[in-house]
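Asks: Please model the complete structure; the sequences and the hints are all you need to start from.
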Amino acid sequence: MRLATAPGLAIRGRLVFPDGSSSAPLDLPVPGGRWTALLGPSGVGKSTLLRLTAGLPAGGSLDGAITADDGQPVDGRVAWMGQTDQLAPWLDVIGNVTLGARLRGARPDRDRARAMIARVGLAGRERATPRELSGGQRQRVALARTLMEARPIVLLDEPFSALDARTRAEMQELAHEVLAGATVLMVTHEPGEAARLGDAVYLMAETGLAAMAVPAGAPVRDLADTAVLEAQAALWHALRRPTEAPGPRRAAGQGAPA
Amino acid sequence: MTLGDVTSEPPVATRSSTAPPPPAAPSAAAASSTLADRLRPILILVGVVAIWQGYVWASGITPFILPGPDRVALTLWSSADVIASNALVTIAEVLAGLALGTALGALTAIQLVAAPALGRMVMPVLVFSQAIPFFALAPLLVIWLGFGMASKIAMATLIIYFPVTAALHDGLNRTDPGLIDLARVMGASPARILWHLRLPAALPAFGTGLRLATVYAPVGAVIGEWVGGAQGGLGYLMLLANGRSKIDLMFACLVVLAVFTVLLYALIDRVAKRLDAIAAGER
Chain A
1 MRLATAPGLA
11 IRGRLVFPDG
21 SSSAPLDLPV
31 PGGRWTALLG
41 PSGVGKSTLL
51 RLTAGLPAGG
61 SLDGAITADD
71 GQPVDGRVAW
81 MGQTDQLAPW
91 LDVIGNVTLG
101 ARLRGARPDR
111 DRARAMIARV
121 GLAGRERATP
131 RELSGGQRQR
141 VALARTLMEA
151 RPIVLLDEPF
161 SALDARTRAE
171 MQELAHEVLA
181 GATVLMVTHE
191 PGEAARLGDA
201 VYLMAETGLA
211 AMAVPAGAPV
221 RDLADTAVLE
231 AQAALWHALR
241 RPTEAPGPRR
251 AAGQGAPA
Chain L
1 MTLGDVTSEP
11 PVATRSSTAP
21 PPPAAPSAAA
31 ASSTLADRLR
41 PILILVGVVA
51 IWQGYVWASG
61 ITPFILPGPD
71 RVALTLWSSA
81 DVIASNALVT
91 IAEVLAGLAL
101 GTALGALTAI
111 QLVAAPALGR
121 MVMPVLVFSQ
131 AIPFFALAPL
141 LVIWLGFGMA
151 SKIAMATLII
161 YFPVTAALHD
171 GLNRTDPGLI
181 DLARVMGASP
191 ARILWHLRLP
201 AALPAFGTGL
211 RLATVYAPVG
221 AVIGEWVGGA
231 QGGLGYLMLL
241 ANGRSKIDLM
251 FACLVVLAVF
261 TVLLYALIDR
271 VAKRLDAIAA
281 GER
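Just so you know, the protein sequences line up as chains A and L, in that order.
For reference, each letter of the first sequence is one residue, going 1 to 258 in the numbering used here.
For reference, each letter of the second sequence is one residue, going 1 to 283 in the numbering used here.
Be aware that one or more of the hints could be misleading.
Stated by the list, open to error - Short, incomplete list of chain A residues facing chain L, as computed with Cβ under 8 Å:
| id | residue |
| --- | --- |
| 1 | Ala54 |
| 2 | Ala58 |
| 3 | Val74 |
| 4 | Arg77 |
| 5 | Ala79 |
| 6 | Trp80 |
| 7 | Gly105 |
| 8 | Arg107 |
| 9 | Thr129 |
| 10 | Pro130 |
To be verified - Some chain A residues well away from chain L (every beta-carbon gap over 12 Å; in silico):
| id | residue |
| --- | --- |
| 11 | Thr5 |
| 12 | Gly8 |
| 13 | Val16 |
| 14 | Trp236 |
Simulated from the structure, these hints should not be mistaken for laboratory data.
Beta carbons are placed, not taken as given, at the ideal position from N, Cα and C, and that holds for glycine.
Replies: Structure representation (structure tokens):
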């Protein structure tokens with residue numbers, strides 16, 4: 001479906017905000033088929049960057065370019081998962097999962113939808129409405145809907161932030177499993193999530209973008225692993241005092257390693 | 001961990017038939033409170049009628065000024081034919097006005113959202129138009145549409161047009177912005193977003209507009225009959241009764257009008273509640 005063909009992205013430029021101010025120059029490489037975590041405090045513009053990548057109206061514009069490394073346009077190859085499940089309450093599970101097809105005026109492929117619903121562990125709940133599901137189950141439906149779109153690039157805007165710790169951990173594992181092969185750019189404000197899931201982790205602060213050290217081993221990493229805990233602590237410190245970040249490679253501005 | 005592990009979380013709210021029944025005590029309490037809720041308006045009504053009858057008896061006021069409920073009931077019985085035939089006229093006007101005003105209001109709201117530039121231009125005009133006292137337009141409507149039912153239907157339509165437009169317009173614009181974002185990324189056109197997301201999400205707001213319209217439509221029709229030189233209808237009958245000092249007949253007409261409005265409201269309220277349930281995914 002997507003696998004090895006997922007393109008990487010290059011996001012370069014300055015964010016320009018409506019009040020005329022702009023960010024430091026940003027250079028964010030998003031390697032194809034990998035998870036890239038974009039960590040940062042609220043209000044620094046990481047969601048704006050993600051929305052611009054998705055082609056959505058955002059609180060700012062990019063003086064620069066967002067390009068895919070296969071030369072094809074990014075537009076139309078992106079799937080989106082937000083902070084809330086964004087399910088239509090009046091549609092049942094299968095109706096929500098097939099929403100994209102109907103919104104494009106296409107015939108929904110219900111058999112494939114059933115397969116995606118089963119893949120996220122909700123087989124048998126196809127006719128349930130969102131209000132009959134738990135928060136975690138609703139986020140699973142959102143994941144099945146994302147899978148149904150079969151887009152090579154998946155943008156996640158703090159997708160698990162509204163979930164309790166246990167459900168969040170389960171969803172991280174499930175999302176990582178079912179989105180294998182896709183190019184994933186995940187915005188998060190949680191160091192643990194970045195340390196657990198990121199093949200690459202970038203810290204976005206007022207001063208610019210910094211590539212952070214990533215613990216050894218492939219995601220999803222065990223949060224109890226000492227290296228992961230240390231990475232989480234380092235990210236946590238960097239998040240609090242981005243200018244005095246200990247350890248990690250500093251790569252503000254143009255110098256970010258690709 | 002496997003997929004099997006992660007499916008076991010319990011749903012927040014289960015409405016399936018396999019759910020255990022709620023404890024008996026709270027549900028019994030709930031039933032008795034709804035019974036009290038249902039009885040309260042009836043008790044209030046009985047109380048008002050009792051005070052009215054008591055005042056008429058105690059004061060000995062002449063029936064030409066204020067007839068008691070007993071006389072009104074008698075008139076309802078003795079004049080049932082004429083009241084019924086005129087009530088049918090008014091009911092037809094109300095229903096036609098309700099259908100027309102709701103349809104026009106809904107179409108306007110949809111059009112204003114489908115063409116936001118037009119909406120920004122037209123909506124202030126619509127709001128400003130509410131400063132016009134529509135009752136003053138009744139004679140004009142008669143000149144344009146004649147003395148018949150058409151001018152009364154037009155009055156009811158005019159009165160409910162704005163509440164329906166405003167309520168639905170508001171609802172269409174309040175769709176969860178996250179859902180709209182998602183639809184945009186999915187490649188949806190604005191028209192399909194309107195049809196698949198904005199309209200279903202706006203059903204409760206539309207229900208609110210319908211409820212308002214149901215209350216206003218009879219007022220519009222009756223005022224249309226008063227001001228618009230009607231030859232039938234409860235408003236016409238009330239004017240006639242008033243001119244002949246048949247105050248008991250006036251009250252009888254009022255009672256019929258009120259009962260009809262309440263019944264119609266109860267019906268529309270059920271429809272609106274159903275719309276709420278559909279939009280919330282309740283079954």
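Asks: Hints first: check each against the structure and report whether it holds.
Replies: Quick rundown of the hints versus the structure:
Restraint check, Ala54 (chain A) versus chain L: the minimum CB separation of about 5 Å is within 8 Å; hint holds. The beta carbon of Ala58 (chain A) is not positioned within 8 Å of any beta carbon in chain L (closest approach about 10 Å), and the interface hint is therefore violated. Interface restraint check: Val74 (chain A) against chain L, minimum CB-CB distance 11 Å, threshold 8 Å, status violated. Annotation: Arg77 (chain A) was flagged as interfacial toward chain L, and the flag is violated, the nearest CB pair being 10 Å apart, outside 8 Å.
The beta carbon of Ala79 (chain A) comes within 7 Å of a beta carbon in chain L, closer than 8 Å, and the hint placing it at the interface holds. Hint status for Trp80 (chain A): holds, given a least beta-carbon distance of 4 Å to chain L, under 8 Å. Because the smallest distance between the Cβ of Gly105 (chain A) and any Cβ of chain L comes to about 6 Å, under 8 Å, the interface hint for this residue holds. For the restraint placing Arg107 (chain A) at the interface with chain L, the shortest Cβ-Cβ distance is roughly 14 Å, beyond the 8 Å limit, so the hint is violated.
For Thr129 (chain A), the interface hint holds, since its Cβ comes within 8 Å of a Cβ in chain L; the closest pair sits about 3 Å apart. Given the 8 Å rule on beta carbons, the hint for Pro130 (chain A) holds: about 6 Å separates it from the nearest Cβ of chain L. A cut-off of 12 Å between C-beta atoms confirms that Thr5 (chain A) is not in contact with chain L; the least separation is 20 Å. Against chain L, the non-interface label of Gly8 (chain A) holds: every CB pair exceeds 12 Å, the least being about 19 Å.
At roughly 21 Å, the least C-beta separation between Val16 (chain A) and chain L is larger than 12 Å, which holds for a residue marked as non-interface. Its beta-carbon lying about 25 Å from the closest one in chain L, Trp236 (chain A) satisfies the requirement of being farther than 12 Å from that chain.
Checked against the numbered hints given earlier, the structure breaks hints 2, 3, 4, 8 and satisfies all the rest.
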